[in-house]
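Peer 1: Given next are the chains, with one letter for each unit.
There are 2 protein chains.
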Amino acid sequence: MITIDFENRCEFGLCECIYAQIKTQILNGTLLPDEKLPSKRSFAEHLGVSVITIQNAYARLISEGYLYSIEKKGFFVTNLSLEEVPDFSKDSKNSPAENDSKIFLPQFEKTDFFTDFRNNSTSSEKFPFSLWTHLMRKVLKTNDERLLSRIPANGVFELRKAIAKYLLEFRNMNVSAEQIVIGAGTESLYTMLVQFFGRDKLYAVENPGYHKVAKIFELNGAAVVPVDIDESGINSDLLEKSSADVVHISPAHHFPTGVVMPVKRRREILSWANESENRFIIEDDYDSEFRFNGKPLQTLQNADENAKVIYINTFSKTLSPSFRISYMVLPERIVNDFFDRLGFYSCPVSAFEQFTLAEFINQGFFGKHIIRMKNYYRNLRNNLINQLEASKIASIAKINEEEAGLHFLLKLNSPLDGKRLQQKLEEHKIRIPLLSDFYYTKNLGDTPENPTFVLNYSGIQKERISETVRRMEDSIIQS
Amino acid sequence: MITIDFENRCEFGLCECIYAQIKTQILNGTLLPDEKLPSKRSFAEHLGVSVITIQNAYARLISEGYLYSIEKKGFFVTNLSLEEVPDFSKDSKNSPAENDSKIFLPQFEKTDFFTDFRNNSTSSEKFPFSLWTHLMRKVLKTNDERLLSRIPANGVFELRKAIAKYLLEFRNMNVSAEQIVIGAGTESLYTMLVQFFGRDKLYAVENPGYHKVAKIFELNGAAVVPVDIDESGINSDLLEKSSADVVHISPAHHFPTGVVMPVKRRREILSWANESENRFIIEDDYDSEFRFNGKPLQTLQNADENAKVIYINTFSKTLSPSFRISYMVLPERIVNDFFDRLGFYSCPVSAFEQFTLAEFINQGFFGKHIIRMKNYYRNLRNNLINQLEASKIASIAKINEEEAGLHFLLKLNSPLDGKRLQQKLEEHKIRIPLLSDFYYTKNLGDTPENPTFVLNYSGIQKERISETVRRMEDSIIQS
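From first to last, the protein sequence lines stand for chains A and B. No gaps in the numbering here: position 37 of the first sequence is 37 in our numbering, and each next residue is one more. Count along the second sequence from 1, add 479, and you get the number used in our numbering.
I should point out that these hints are in silico values taken from the structure, not numbers from a laboratory. Note that CB positions come from ideal geometry on N, CA and C, so glycine has one too. Incorrect hints may appear among the rest.
Over the 12 Å line for every Cβ pair with chain A, so calculated as not near, a few chain B residues [claimed, not checked]:
(1) Ser518
(2) His525
(3) Glu624
(4) Arg629
(5) Lys743
(6) Asn757
(7) Arg758
(8) Asp783
(9) Gln833
(10) Asn861
(11) Asn865
(12) Ile875
(13) Glu952
Chain A is faced by these chain B residues, among others (derived, beta-carbon under 8 Å) [what the hints assert, rightly or not]:
(14) Asn507
(15) Thr509
(16) Leu511
(17) Thr612
(18) Leu619
(19) Asn651
(20) Val654
(21) Ala656
(22) Arg803
(23) Ser829
(24) Ala830
So that you can see chain A by itself, here it is in the shape it has in the complex (with noise of 0.2 Å):
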């Protein structure tokens, strides 16, 4: 039973205090969402107070909002985390709804867009849950030793293997399970590599591009220098003149621009790289599972002949963004080294986990799920693009690099500039980033003659597509 302490606080009389802890074990999560309190009586026993006592307390708690009562079965804890709390202290100084906005408040951060091009969740439907909760009871039942024991620092061996496997037969990559470090989501790979590579050394990232990866290297301490990306890719000129010594890119399709890096400039990056001893690529093959048309292409590891290329791929795409399973692929050169320095770190993954997916690989249900997921976002993107073609925006659109990735851009021929679009949009509740947003330089890339959005279409929702077009036929044409 929740235990009230008499000792402090309590001037203002038993009532006032049993209320004042009850709200603040509600309001900082002890008492959880639609738990039930104990009864008056047996509340009132507890505590050696009056029924009457309890009752006032109660009342008031709910006359606030935050309990309610359900007749014959009591009285229950209000899930504030669904509401608004609600604005019932204005003659309290020291209210709730004040001591709440001081603390960042990350899973009330709800979006209220129909429709945010921002967001990448997966489908709850594609995820086979009952497949996987069938695997992961196979593993807990081989009671085997090393699912309770420490995990090397490069992951659970049988996980590597699979993902070897996997690389080979997809991505025609002839790695050992060696090469392999498992990871928490890309993020613990960035910082494990930041302080292998030292963070004395100049990071450069492709302008425009995923701001994360740039601001995880500047959080672990190192500079970070954009390199502006060009029909090619990340220009190899300026990368040169850059001075950096370590590059992050996305040659199989970078993000957002699409843009597919061809042979000659990744010739040119790998003889960048071969031109010092500290000179190292990081090639980050996000969504190259994705790629719609055509042969996937080689990886930049592949053509590497001098151990220069980190090779980082996620399950966060493939599977669900909860799903915190990343890997990268050293070249066999530094694998030891890599281990000397950092080999004591435990591996971030959970062994069930690890032991788990690497049955859904080797059994052939990742590979599956992945034509699975393609035919799922095919038809999502195709509909999407249809009806947009099909609508008044098409007139003045253009859609471009759509054969490729989760993704694609809408450039508009508009006399309005991007942010005041993108505005419009949002008082549609239609979010959607534009390509601008992806610069680390602000002249380039967005001028009014020319506002390109982003749309990242693999999290909306199919049914809400029509209505999505409509609200973006408002937005863009109507203004």
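Got chain A; can you put chain B on it based on the hints?
Peer 2: Below, chain B without anything else, positioned relative to chain A:
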């Protein structure tokens, strides 16, 4: 079916080529241990070569130990990770043994100790696998969309609420879910803290102490200063003199000495922190759950009124080292600032496990598990200590601080110094770390007069205790 590339490196004929490529695929883990190879006939058809070519290649692989055959069943890959790679290839210049030794293989690093007091795996009998599976299945069945959504930087709300409630009940800490940050092992939390406090700060660690913490601070680019402990824990005068900004301590139970910090010293350390805005304390409560006697001590964060103490704990000690979930409790006042700067991270722990652990705690299973493990460890410890006290070692030994936690100290009055004794123990396949191993400065703690061993007993096998003590006698007394 596996594919052989005849284009490259096949100047030695088809058989040699097939042999070499299968060998490579076995060594790099592409072909899995005990995986069945295609039948000779179907493989020959697939590759368009004669059956005799395949037969010769298979025969050579069998003679060298890479494959084994089972009559009427076929050909299978040898599990090289469990056996020594056979020394078959003296005739070959580029021997697999040589190739192998180039690469560091953490999973092969098997300790062949009879008993290892450094290892602290949990006993696999003690993990409630089927209960866990049941809860996981229940969680996955909810099909909750949050299972597949990006997780906020501080983790799943339900788990943070469950931890807040647990901390109130078991540690008498009144904290809100908003103050809690979920991490993947404490490593990820230390990394975040260095990024938050800054790597220009000086970090003090306990001397002797757990070296991993210092190493993580250093790898994150921060300077570390070891500060000596005395009979009350970290010495506050020395801490003041060290010019440290942030100090990492384990007041509930110092590792490895077992010192419990008394109230007076706690107040001194808190005053130290209050003297400057930049000073902070990281309180590592890593094994407070396993105090066997007496009431659990108040946490330092409980006594902190100035938002100076970050509390850290982990489920790796209580559930399993392979279980990568840890958490920290931020003082309310720094929560906003923390998320402003680091809130862009994704929480590194899978949503599946976070929701499952929340259920595990909320339904009271975690509390019960702790009680069960406490009994298990108490028995293990009593058994070991009783046998040590009944042995010949007792006459020259003193057991220190046996009241608390998962390790105790064995101080010996021996003419031999610690290193020599350690060597003799290792000859008997017993590994025990010395107290002096945990000092950062070498002239302290272990003189020839009093070699002191740290017995971390949580991972040892009960049925081996008698034999272990006998071997310890042989090493220590007969020498």
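Peer 1: All hints, please: hold or fail.
Peer 2: Outcome of the hint check:
Against chain A, the non-interface label of Ser518 of chain B holds: every CB pair exceeds 12 Å, the least being about 20 Å. The claim that His525 of chain B lies off the interface holds: its Cβ sits roughly 15 Å from the closest Cβ of chain A, which is beyond the 12 Å cut-off. In this structure Glu624 of chain B is not separated from chain A by more than 12 Å, as the shortest Cβ-Cβ distance comes to only about 5 Å. Against chain A, the non-interface label of Arg629 of chain B is violated: not every CB pair exceeds 12 Å, the least being about 4 Å.
No beta-carbon of chain A is positioned within 12 Å of the beta-carbon of Lys743 of chain B; the least distance is around 23 Å. Every beta carbon of chain A lies more than 12 Å from that of Asn757 of chain B, the smallest distance being close to 18 Å; the non-interface claim holds. Non-interface call for Arg758 of chain B relative to chain A: holds, since the shortest CB-CB distance, roughly 21 Å, exceeds 12 Å. With a cut of 12 Å on Cβ distances, Asp783 of chain B stays outside the contact zone with chain A, its closest approach being about 16 Å.
A beta-carbon of chain A comes within 12 Å of the beta-carbon of Gln833 of chain B; the shortest separation is about 9 Å. With a minimum CB-CB distance of about 23 Å to chain A, Asn861 of chain B clears the 12 Å threshold, and the non-interface call stands. A cut-off of 12 Å between C-beta atoms confirms that Asn865 of chain B is not in contact with chain A; the least separation is 27 Å. No Cβ of chain A approaches the Cβ of Ile875 of chain B within 12 Å, the least distance being about 33 Å, so the stated non-interface status holds.
At roughly 28 Å from the closest C-beta of chain A, the C-beta of Glu952 of chain B stays outside 12 Å, upholding its exclusion from the interface. Restraint check, Asn507 of chain B versus chain A: the minimum CB separation of about 3 Å is within 8 Å; hint holds. Interface restraint check for Thr509 of chain B: the shortest CB-CB distance to chain A comes to about 5 Å, inside 8 Å, so the restraint holds. Restraint check, Leu511 of chain B versus chain A: the minimum CB separation of about 6 Å is within 8 Å; hint holds.
Taking 8 Å as the C-beta cut-off, the interface hint given for Thr612 of chain B holds, the closest approach to chain A being about 5 Å. Interface restraint check: Leu619 of chain B against chain A, minimum CB-CB distance 5 Å, threshold 8 Å, status holds. The beta carbon of Asn651 of chain B comes no nearer than 10 Å to any beta carbon in chain A, farther than 8 Å, and the hint placing it at the interface is violated. Interface hint status for Val654 of chain B: upheld, as the beta-carbon distance to the closest one in chain A is roughly 7 Å, under 8 Å.
Against a cut-off of 8 Å between C-beta atoms, the interface hint on Ala656 of chain B holds, since the closest Cβ of chain A lies about 4 Å away. A least Cβ separation of about 5 Å between Arg803 of chain B and chain A falls short of the 8 Å threshold, and the interface hint therefore holds. For the restraint placing Ser829 of chain B at the interface with chain A, the shortest Cβ-Cβ distance is roughly 5 Å, inside the 8 Å limit, so the hint holds. Here the hint on Ala830 of chain B is kept, as its CB sits about 4 Å from the closest CB of chain A, short of 8 Å.
When each numbered hint is compared with the structure, violations occur for hints 3, 4, 9 and 19.
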